[in-house]
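Student: Quick mapping for you: the protein sequence lines, in order, are chains U and C.
This note's numbering applies: residue -8 is where the first sequence begins, and numbers increase by one.
This note's numbering applies: residue 193 is where the second sequence begins, and numbers increase by one.
No lab work stands behind these hints, which were simulated from the structure alone.
Virtual Cβ for every residue (Gly too), placed ideally from N, Cα, C.
Don't take each hint at face value.
Stated by the list, open to error - Partial chain U-side listing against chain C, Cβ under 10 Å, derived:
id, residue
1, 95
2, 165
3, 183
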Amino acid sequence: MTEKKRRISLGFTGAMFDEGHHIIYIYNNDAERKRTMAKFLQQGFLENEKLLYLVADIPPAEIRREFLKLGVNVEERQKDFDIAPGHHACCPEAYFSSDFMLDLVGDYYENAIKEGYAGARGAGEMSWALLEGRSTVPELMDYEARLNTILKDHPLTTVCQYDVRKFDSALIMDLLSVHPMMIVRGQLVRNPVYVEPEIFLQQNQKRMNGPHE
Amino acid sequence: MSDPDARILGKILLLQSTLHLMQDNPGMARFVCRGLAPVPGLKVTGIFVGGHLYQEDEGKWLELKDCRRLMDCFKEGFINKNQRENYLAEFSKCHQMDCLTIESALDLYGFLFFQTTCSETFNSYRPYIENTLNLVALIIENNIQKALLHQNQENLEQAIEARSRELKQSEERYRSLFESLRDAILVVDPDKTIISCNPAFSDLFGYSADEIQGLKTKVLYADERQGAALGERLEKETDKGNFFHTLQYRKKSGACFPGETNFFSFRDTKGEKVGIIGIIRDITQRRQSEDALRRSEQRFRDLFNSISDLIFTQDLEGRLTSINPAVKKLFGYTEEELLGRRVTDFLDPQYQADFDSEYLAGVWQNGHCKGVSSFFRKDGSRIFIEYQSKLVTPENDAPFISGIGRDVTEQNLAAKEKKRLEAQLRQAQKMESIGTLTGGIAHDFNNMLSIILGNTELAQEKIPEGSPAREYLDEVQTASIRARDVVRQLLAFSRKTPEVRTPINLVPLVKESLKLLRSTIAANITISQAIDEKPAVLEADPTQIHQVLINLCSNAADAMSDNGGTLKVSLESLDLNKETAGFDPDLSAGRFIKITIRDTGEGIAPENLNRIFDPYFTTKPVDKGTGLGLSVAHGIVKSHGGSLQVRSQPGHGSVFEIYFPAAVQLPEAEQSPPSGELPRAAGRILFIDDDPSLAKLNQQRLERLGYTTSSHTDPEKALEIFRAAPHQYDLVITDMTMPHITGDQLCREILKIRADMAIILCTGYNEKISRTSASDLGIARYMEKPISMRELAETVHKVLINASKKNPLIGT
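Only chain U is shown next, with the shape it has when bound in the complex (with noise of 0.2 Å):
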C-alpha cells in the first residue's frame, strides 16, 4: 500500500497523470489501438513499471514486435513484463473470476515493488470475458467496479480495452460508467458517466441476481 502516489506519464499523452488510473479504452481501429498501447507500455519500461498485459485479440508475439519497433530490447528487458493470455491469467478453471482476477491484480503490484519497480502498469483485452462465455455482464461489471477499490491500495495503472465492434453499445455505456478515467481520441478524460462502485455494484446486484442479459 502506497501512500503517495507517483506522477507518471501514460506514454500516448504528454500529461501527467497520478499512477493507479483505472483506465477504459473503447475503441474500434487495431493499428491505433496497437499504437497507443505500445507507447503506454513502453512508457512503462522508462518509468521502471513492471508491465502485465494481458491479451485476447494480439498474440503475444506482436506486442513483443511492437516493442520491438519502439526500440524495446525484448531479450534484455524479459524479465519486466509479462504477457499471457487473458483467459489464461482471469479464469482459473476456465470461467472468470473477479476475486481471483483482482487478487492477481493486487499481487502483481505488490510483487513489483519488492522486485524493486517502481511501480507497475497492466493492460488487458477483455473481449475474451464476454465473447467465449466465460463471465456475465454483471460479474465483468462487478469486477471493473471493485477494481477501482482495489487500485487504491494498489496503483497498477490499468487500461481496459474494449473493442465496441464486439461489445453491445448498451454495455459499453456501463461500462464507461465503472471506468473513471476514459481514453477518447487518443487523450485522458475523466468519465463522466463514473459511477462510485458503491453506488454502481448495488445497481449491478440486482442484475447479478437476475437473468443474464
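Got chain U; can you put chain C on it based on the hints?
Tutor: Quick look at chain C alone, frame taken from chain U:
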C-alpha cells in the same frame, strides 16, 4: 429555465465523444438511448435510426411502420416550417410522445422518441440533446460516406485488381512474345547501356542476357564510326517515330553480319523517354538472295535488251507500256515517244480499222493473236512486222498484253519482188510460148506466103503491066510482103536472142510497140503518135529498145490510171550541137533520134525528180511496182550512148525524152532497093523442099532464070541422088524443116560427099538454125521465106559466081 447539471452535461459530452466509435446504427441507437437516460426531465422511449427502431423500455411504444411513415412524410418535405411542426404535434398527440429529428444538412436519418417529464428541465438540456442527435446524424453520414467510400474503394480495389490481372497477363503475353520472337530484341537506356535482351538476341550475337546487360551498344557494331554516327542519329530519329536502319553488327565470336534494325523509343506513363528498343534481323541470307535476284534480273535485262526481235507489253487499250531497245531502234523513236501511245499511232491506215475489232478483241477473247502488219517508222518509211501477242493475267495485278515481233520488211519486199518476178517470169514464159507458137505458125505461114508470093511473081511475068489482073497480082504481092514482115516482127519480139546490136529502124519498132501496148493499158487512156516516117536508124538491140518503150509508156499509163488521159509518142531525128547537147554531159554533138513520151497524168513531185531513175525508187504501193522500170530504161538508153530526160510538174503530167545516137548504116534489109533485070545464069541446081507446091514453084522459078533444076520433096531420096552423082550439080537449095532428115543434116551429108558443094538453106522459121550457125555449117547462104523472085535470082547468081571462082567447072 434551470441551468443544466454539469455532470449531466459531462455525460452528454462523453456520449458525444464516444459516438464516433459506434459505427453500426443499432449499436449507436442503444448507446444514445442509454447515454441520454440520465438527462432529467427526459424519458427516452426509443430511437429510430437507419431503418431500425430501438425502444428502451420493454413497453411497446411505437410500431416500426409508424416510424417509417413518419420518415416518409419528412422525406417528401413540408411546405413550410409550420406545416412540419404541425405534423410533429399531430404525431405527438397521436402517440403521446415527442420526437426530435436526427438529421444533418444533407439528410434525415431518424428520430429520437421521448416523453418530457419536465419540459423546463428538458428544455435546458434540449440544445445538448439536439446537438448530440446532430452528431449522430453526422456520424451516420460519415459512416455512409465511409461505406460508400469503402464500397467505392472495394469497387476500385476490384477494378485495380482486375486491371492488375490484365496488366499481368498482358505483361506475361508481352514477355512471352519478347522471349519467343525470332528477331533479336535489345533494350537500351538513353545512355546506350544495354538493359535487357531476348533469347533470340543471345542466339544471334552469342552473348547471354547476363553478359550483355550493362554493356554499351558499341560492342555490337562492326564499324565503330558507323555505330557512332548511328548513335547521334538515334535520339532524333526515334523521337519522330520508328527508325529503320541497316548496319554491320559484330557477334561475340567476332563474325560480322548485316542487320536490319527497327529502332523506336519507349516512354513511361508521363511520356518521358526511358530508352530505345531495337529489333534486329540478320539479313545475310536476304542480301544473298537479293544479290542473286539482282544478278538474275540483270541477266534477263541484258538478254531482253540484246534480243534483236521486238518485245513489248501493252495495256488492254493497246497502249505500249514497255518496250525493249529493239523496238526503239526499229521505229526510230525514243522510249518517251513510244510509251503510253497506242500502236495505231504507228500503224498503216489500212490496218487501223481492224485493230480494235480483230487484234484487241482477238487477244481478249482468244487469249492470243498473231499476224503481219505494216507500220511507219519515224522517218516515214514503211516496215512490216510479224507479231505474236498474248493476254497475260497475273494473280494480283491487272491483265495486260505481252508480245514479240520481228521485222519482216525485207522478206515482205522479197516476197513481193518474188511475186513480181514470178509474174515477169510467167509473162516471159508466156512470151516464150507465144514465141514457140509464133515459131510454129511462122514456118507454115512462111511456106504459104512463099507459095503465094512465088506464084504471084510467076503470074506477074505472064501478065503484062497495065492489065487489071496485073494490078490485082501487084496487090497480092504487096500484101504477101507485108504479111512476111509481120511474121518476121513477131518472131523478132518473141525470140530469146542475145543482145545483138544491129542497125534497126525505130519507126516500125515504135509503131509495133504502140500496137502491143494498146492491149495492155486502160481503155480510158488515148494513145496518139507523131512519128516521122523517115527512117530513124540506130545500132541497137531491138528487144531492149522495145523494153525501154514499154517501160516508159507503162509508167505513163500508170500515172493516168485513175482518171484516164492521153499518151502521146513522137519520133523525130535531129541534130544536136555541143551547146544543145549540153543538157547531158555524156552526149556529144551529132545526129540523134528523139523519142518523146508525154502523158497527162498526176505528174512527179519536184523532190522526187532526181530520184526516179534510182533503182527501187517508187512512189507506188509495193505490189504495184518495184521501182526498176525507169531505172532499166535509163540504163538501156545510156548503154546505147543515149540520154533519158524528164520534165514534170505535179498535176500537169510528165514528158520523157529519149535521145539515141543515129546510126550511119542503113538496115540491111533496105540497103539496096531492088531494080533492073533479074540476074540469070547457067547451072545445075538440086532443089529440095518437102512442100510439093514450093518444090514445084521454085523449080519453075529457077528454070525461068535459066537454071537446070531438079526438085525433090524427099530429102533422103534427094541425098541418094546426090550421092550417086555429086558433081552433077552446081548448087543445092534445101529447106530446113523437113521430115526424116532436116536441112542442116542434109547439108552436112552433102558436104561430106562433096566439100565444095555450094548450098543455100531456106527456112520459114526454125530456131535450130540461124544465119550464123548456117555459115558455120559451111552453107553458102541462109535465106528466110518467103523468098521473092528477085531475092532468089540474086542470091543464086551470087552463090554460083562465088562457087565458080573456086571451081571453074561450075556452070559449064
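Student: Compare the structure with each hint and give your call.
Tutor: These are the hints, each one checked on the structure:
1. 95: Cβ of residue 95 of chain U sits 28 Å from chain C, so the hint is violated.
2. 165: 8 Å, holds
3. 183: 3 Å, holds
Comparing the model with each numbered hint stated earlier shows that hint 1 is the single one that does not hold.
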